[in-house]
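Taken in order, these protein sequences are the chains called A and B. Take this note's numbering: the final residue in the first sequence is number 368, and no numbers are missing along the way. Take this note's numbering: the final residue in the second sequence is number 370, and no numbers are missing along the way.
Quick caveat, the hints were computed from the structure, so don't treat them as lab data. One or more hints might be untrue.
No more than 25 angstroms apart at the CA atoms, straight line, and that leaves these computed lysine-lysine pairs for DSS-like [said to hold, decoys possible]:
#1 Lys241/A <-> Lys53/A
#2 Lys295/B <-> Lys345/B
#3 Lys215/A <-> Lys175/A
#4 Lys241/A <-> Lys345/B
#5 Lys295/B <-> Lys213/B
#6 Lys213/B <-> Lys241/A
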Amino acid sequence: MKGSKKSTVAGSDILIKRKGLSNTGVLLLITVSLFVLLYIISAILFVDSNFTKYSVFFNLINNKAYLLVLALGLTTVLITGSIDISVGGVTGLVSMVIATMLTSEGVSAVWAIPAALGIGIAFGIVQGFLVAYMEIQPFIVTLSGMFFARGMISMINAKSVPITNELFMSWSSAKIYIPFLYNERRNGTRDVAYLTPTAIVALITLIVLIIVLKKTKFGRSLYAIGGNTQSALLMGINVRKTKFLAHVLCGLLAGIGGFLFTLFAPSGNPGNGYGYEIDAISSSVIGGVMLSGGVGLPIGTFFGVLINSLIERVVPLLGIVDASWPRIITSAFLFAFIVLQSIIASASKKGGSKLSLPVWMRPKKGKE
Amino acid sequence: MSLNKNESKSIRLGRNSLIKSLTSSRLTFSLVVLFAVVIQNILTTPSFFNISITNGLISGYIPNILDEASELVIVTLGMTLVTAASGGQDISVGSIMAISASFCGLLLNGPEYRTDVFHSPYLLALLVGVLGGALCGAFNGFLVSGLKIQPMIASLILFTAGRSIAKQITHGQTIYIMNPVYKWLGVQIPGVPIRTSIIVSVVMIIIVVLLVKLTSLGLYVQSVGINGSSARLVGLNARVIKFMAFVISGVLAGVAGLVGSSSVGSVNSGELGLAIEMDAILAVALGGNMLGGGKFSIAGSVIGAYTIQAITTTLYAMSVRADQLNVYKALIIIVIIVASSDVFKERLKTLIRKVFSKNVSVGGLRNEGQ
């Protein structure tokens, strides 16, 4: 009798731990509530800017679709405990290559897609090989990749190249309206919310990545490697191959992100993509991806990108015209979240499940 | 005292001679590269060794390289210490240069964009500039040692935000400091025939070498870099040492920023020290230092920095544009790091063994991948 009672207590203990929020959950909760809070505050502060309209909300996604794809790529490599800071350079390179390609008459815009994907995958394969199989620090490899890409941009073309290709521009300006989401304007017309093709591609990427990370063997081994490489190795996971594939995936997503960016801002410019790596990293980190690896969800990254997009939208409303302020603020957010992660990591190390639920919310244990 | 000395000796002797010979051979490697570049220059430019005096300044091809390398040399000194202590790199040095120069320019010019009147004492402005650098270094150091974030991610924050911050300090514009005194630090002090930037870089090298050799800092940095937890067990405060390495790097980057802005007489936060972090990392790697931390050599880094500048100047002479240089540098750094990586060395060893051993079998080749 006594034995069985004890075992039930122990069992419920485990259950409590399981049911309680993990680090991932806490970070995700903070991100989502931060976004909601920021959105409500800006809706109250800037009534004229119509934050309560559907279209304004959807524009947050439309404007940063490329960033969502870049950040999702970074999420995958960050989960394995690696990093890729070449994504900004790859974005710029892709946009410059597409713009230069399309200046010549005979080239169809369709060719831009394989070009973008090819560049991204090439970067991913080379960097992934150096990181996973040659065991070189990912930061050095991808920093070199970033400078290589930036240098290549100015080798291809040192001047700004506008895109005039009709087919490409029709993709760029296309809007897909969502008929049931609209607000009535004062003059009776409807302000219907819409998504651009870039946003749809980004959202599809998000869904695919959520499924891959949650349901596939590859996705789960990413978490295993990031959590503890040694035990992942002991579990029989091919660590090198998985890391390599994570970098290739990130490269592929950087290529897609570059293509989406070119659709969003149709011109090749030597300054394109400058600093996007920090935007992508901060979106991931704000979204709850831990820089130490093993923790993070794609959906969190989605909210991180929304926060980034919201900052970029709100800062000009505060009367700050200078374009460098959103980056400073994003960096400050990144800093704050890094501090937060550090606190959470040390708290969960010290107190075990303390962080999972506040004391008053926990079910009371039996007195035995 | 004697015990102390014995200990340090035993640490030094404890590292096996193979590694020693390897590192020395890698120092030779950077020297070989330097000589190759010099010979290439001698062949293409006959006036390579010519030195003349123009406007009371020693000028010529070699003094020119020494002058242009001065910022890089100063930054590389700090990068070497950070690399050795933390096993990562401080990629924010270029942005720190911009920030410290902006502070200095703001103090000197006050609210004006272009003036030849100093609004505050020259030395005070220089001091504030260096302090700004130290502050940035302390921020990086806090992130790395206090919050245990990888050094490169920690400095990534300032890497991208730093230039924007510098731009805000200077009201979003390039500041022109027209007072001739401002050029003392980067160009020439009246009556001295050597460019001040060269003098400053040499002084900085001497200070850092003295700091490393006379105090225990060098030994501490090395032992923290080789194994942080065992250094802690011996009683070293690894956190403080890492923090100090970052602060020193920040100070040196601040000095480099002041020299850089002084040599052009203006503060342009978008251009000052642009992409210098790449050069500095390259110089550290070329100088035979382990990028993963631990053993370091100031001499190697300095030679590496001058080599990089010589390569850069040569590429310029071959009419390669500044923004294209990075392609070559990125390739060079990857080649150097791959060549010095453990995996590559092991592969090379097994390959050599296979080539020379007589009973090569197909099965042996198949196992190579493991």
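Item to complete: Mind checking the alpha carbons of Lys213/B and Lys241/A for me, to see if they're no more than 25 angstroms apart?
Response: 45 angstroms, violated
Discussion item. Between the alpha carbons of Lys241/A and Lys345/B, is the straight-line distance 25 angstroms or under?
Written reply: 21 angstroms, holds
Discussion item. Hint check: Lys295/B vs Lys213/B, CA-CA at most 25 angstroms. Holds or violated?
Written reply: 14 angstroms, holds
Fill in: Pair hint outcome, Lys215/A versus Lys175/A [Cα-Cα no greater than 25 angstroms]
With Cα atoms ~32 angstroms apart, Lys215/A and Lys175/A exceed 25 angstroms; violated.
Worksheet entry | Agreement of Lys241/A and Lys53/A with the hint, judged by alpha carbon distance not exceeding 25 angstroms | It is violated: about 46 angstroms lies between the C-alpha atoms, which goes past 25 angstroms.
Worksheet item: Is the Cα-Cα distance between Lys295/B and Lys345/B 25 angstroms or less?
Response: Distance of about 18 angstroms is within 25 angstroms: holds.
When held up to the earlier numbered hints, the structure conflicts with 1, 3 and 6 and fits the remainder.
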